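Q: Okay, here's what each chain looks like letter by letter:
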Amino acid sequence: MDLFSKKNKETFFTPLWVNNPVATQVLGICSALAVTSKLEPALVMGLSVTIIVALANVVISLLRNTIPNRIRIIVQLVVVAMLVTIVSQVLKAFAYDVSVQLSVYVGLIITNCILMGRLEAFAMQNKPWESFLDGVGSGLGYALILVIVGFFRELLGSGTLLNFRVIPECLYVKEGGFYMNNGLMVLPPMALIIVACVIWYQRAKNPDLQEKNN
Amino acid sequence: MKALRNFLDKVKPSFEEGGKFHAFRSVFDGFETFLFVPNTTAKRGSHIHDCIDSKRAMSMVVIALIPALLFGMYNVGFQHYLVHGEEASFWATFLFGFLAVLPKIVVAYAVGLGIEFVVAQWRGEEIQEGFLVSGMLIPLIVPVECPLWILAVATAFAVIFAKEVFGGTGYNIFNVALITRAFLFFAYPVKMSGDAVWVAKDPLCCAGSENALLDGLTGATPLGQVSTGITEITNAVGASMSPMDMVIGLYPGSIGETSVIAIAIGAIILLWTGIASWKTMLSVFAGGILTAMMFNSIGANDVMNLPWYEHILLGGFCFGAVFMATDPVTSPRTECGKYIYGFLIGFVAIVIRCLNPGYPEGMMLAILLMNLFAPLIDHCFVQSNIKRRLKRANK
Numbered sequence: 012m013d014l015f016s017k018k019n020k021e022t023f024f025t026p027l028w029v030n031n032p033v034a035t036q037v038l039g040i041c042s043a044l045a046v047t048s049k050l051e052p053a054l055v056m057g058l059s060v061t062i063i064v065a066l067a068n069v070v071i072s073l074l075r076n077t078i079p080n081r082i083r084i085i086v087q088l089v090v091v092a093m094l095v096t097i098v099s100q101v102l103k104a105f106a107y108d109v110s111v112q113l114s115v116y117v118g119l120i121i122t123n124c125i126l127m128g129r130l131e132a133f134a135m136q137n138k139p140w141e142s143f144l145d146g147v148g149s150g151l152g153y154a155l156i157l158v159i160v161g162f163f164r165e166l167l168g169s170g171t172l173l174n175f176r177v178i179p180e181c182l183y184v185k186e187g188g189f190y191m192n193n194g195l196m197v198l199p200p201m202a203l204i205i206v207a208c209v210i211w212y213q214r215a216k217n218p219d220l221q222e223k224n225n
Numbered sequence: 068m069k070a071l072r073n074f075l076d077k078v079k080p081s082f083e084e085g086g087k088f089h090a091f092r093s094v095f096d097g098f099e100t101f102l103f104v105p106n107t108t109a110k111r112g113s114h115i116h117d118c119i120d121s122k123r124a125m126s127m128v129v130i131a132l133i134p135a136l137l138f139g140m141y142n143v144g145f146q147h148y149l150v151h152g153e154e155a156s157f158w159a160t161f162l163f164g165f166l167a168v169l170p171k172i173v174v175a176y177a178v179g180l181g182i183e184f185v186v187a188q189w190r191g192e193e194i195q196e197g198f199l200v201s202g203m204l205i206p207l208i209v210p211v212e213c214p215l216w217i218l219a220v221a222t223a224f225a226v227i228f229a230k231e232v233f234g235g236t237g238y239n240i241f242n243v244a245l246i247t248r249a250f251l252f253f254a255y256p257v258k259m260s261g262d263a264v265w266v267a268k269d270p271l272c273c274a275g276s277e278n279a280l281l282d283g284l285t286g287a288t289p290l291g292q293v294s295t296g297i298t299e300i301t302n303a304v305g306a307s308m309s310p311m312d313m314v315i316g317l318y319p320g321s322i323g324e325t326s327v328i329a330i331a332i333g334a335i336i337l338l339w340t341g342i343a344s345w346k347t348m349l350s351v352f353a354g355g356i357l358t359a360m361m362f363n364s365i366g367a368n369d370v371m372n373l374p375w376y377e378h379i380l381l382g383g384f385c386f387g388a389v390f391m392a393t394d395p396v397t398s399p400r401t402e403c404g405k406y407i408y409g410f411l412i413g414f415v416a417i418v419i420r421c422l423n424p425g426y427p428e429g430m431m432l433a434i435l436l437m438n439l440f441a442p443l444i445d446h447c448f449v450q451s452n453i454k455r456r457l458k459r460a461n462k
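As you go down the protein sequences, you meet chains C and B in turn.
Its first residue numbered 12, the first sequence is counted upward by one per residue in the working numbering.
Its first residue numbered 68, the second sequence is counted upward by one per residue in the working numbering.
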């Protein structure tokens, strides 16, 4: 068996950009708005989701032949809930500040549509290795959008990146300069507009994805 | 005029198919049709013939805005000299205001038209004329102390995200000038609200007062004062204001919104030329007055206790009713819909003023909110008309 066959590479790379969970499938928008006012929580959130989707995909894929069809959603939920709890506890133990910033949104990963979508659509029909690749790809595709949104929102809304000052202090009004942070960037609506710009760019680059007018 | 026409005719061939500036055809076309009425007409289909095209209609709105603009300039200078305690001649006052306001107009037009030209060029379309009005409205609805770069950012945002992505002039859901203001309001609240931004305090390069500022000046807008619990409205230096002062409009506020007289002249021009709908205008005032009366009778806070005529005279109510609510693109097309739309704008504006302590002025948000509902209002009336006629036909 070829671990990195063409098909497997495709499984990994399509959700990163062409079939991006946020930009194309429009899943996980809620958390993309909620946790991206700074880059750091966006990164941590993206990584947490990547880990959870990848592991949940593997576990469900291993169990896929033994799960009775009628209770598969409950089984999937139990697996995801376990993983979410582990990640949440790890964050609380090792990155307490970020977990406070993310607040309920770590726990709410369980309701993230990307998870159930990948489990239902992919892990239930495919082998563990493929499922793992699909999970990592989907998670990173989600993380990519979060990082793009978080990058612009933190840069323009706070003038920092990962809490490191990028726009020099001396440009600000209170130091005698002219610059001011854009307060709208910190509010959730601006995240939607940035997501919209990403989708705009993505559709412009991939004309196949453009919706046809009826 | 003749010389201009001759010049245009002379350079025209180089912009046509095969000419050396063919790539800039849309720019040339935009200028030519702005300066002269084009002599092309629709070839087929039924059309209503009218002597004015949309560029001429837009020009009339710009003309209607000029009284408010000139008064706004004078008021900027007047407030400046007032807070410095200096007497200045009429022309010195006007010159200061002119120099303070002119850069805003230039920036709004340069940024907005620049984006429109680039987009038209890029998509190979004709240049649309919608920004002629928006570019004049934007400077009139911002405080005088709003920095130019912020104005440029907001204008660019509004033109791109409120207009071009929807398909350009005539397709926008929201009023572009109000989106500019909303962007400024939420993105840079320090420069758009509070007490410090409504009066130009620093002298400009060649005009203005060198005196120190007077003590005890507030600089807050009347509605700002009311929302912070001041019951007796004062002007920038603390003298109390009568309703007549509110009509004349020499008090701090956004550049073009203060004078009811100047706005009334604009309203007369718009109504006389038939560009704005009297139904919308009338119903905005009706909605505002009735809602204000209703809140007067409740009277639970200071804003509710503000008499109804002061609600109408102060803030952006008149300006919004005359120039913003009547925007033909973003208001309903059905005649009955205009009553509902206008009435609800007046209603929501006063409700925001009275019930939301965070926003002393609700006109901007009220009009934007109703812009959103204009297509729905149209839909309901069109459907009910269809139903009524079907019923009549089937009888």
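None of these hints come from the bench; they were simulated from the model.
None of the values given here were measured: they were computed from a predicted structure.
Be careful, since some hints might not be right.
[To be verified] With a cut-off of at most 27 Å between alpha-carbon atoms, the simulated DSS-like pairs for lysine-lysine come out as follows:
(1) K17(C) / K216(C)
(2) K458(B) / K185(C)
(3) K17(C) / K185(C)
(4) K268(B) / K185(C)
[Said to hold, decoys possible] Some chain B residues near chain C, calculated using beta-carbon distances under 8 Å:
(5) W189
(6) G191
(7) Y255
(8) A353
Glycine is no exception: its CB is placed at the ideal position from the N, C-alpha and C atoms.
Q: Now tell me, hint by hint, if it's right for this structure.
A: Against the structure, the hints:
no., hint, verdict
1, K17(C) / K216(C), "holds, 23 Å"
2, K458(B) / K185(C), "violated, 68 Å"
3, K17(C) / K185(C), "violated, 56 Å"
4, K268(B) / K185(C), "holds, 17 Å"
5, W189, "violated, 12 Å"
6, G191, "violated, 16 Å"
7, Y255, "holds, 6 Å"
8, A353, "violated, 32 Å"
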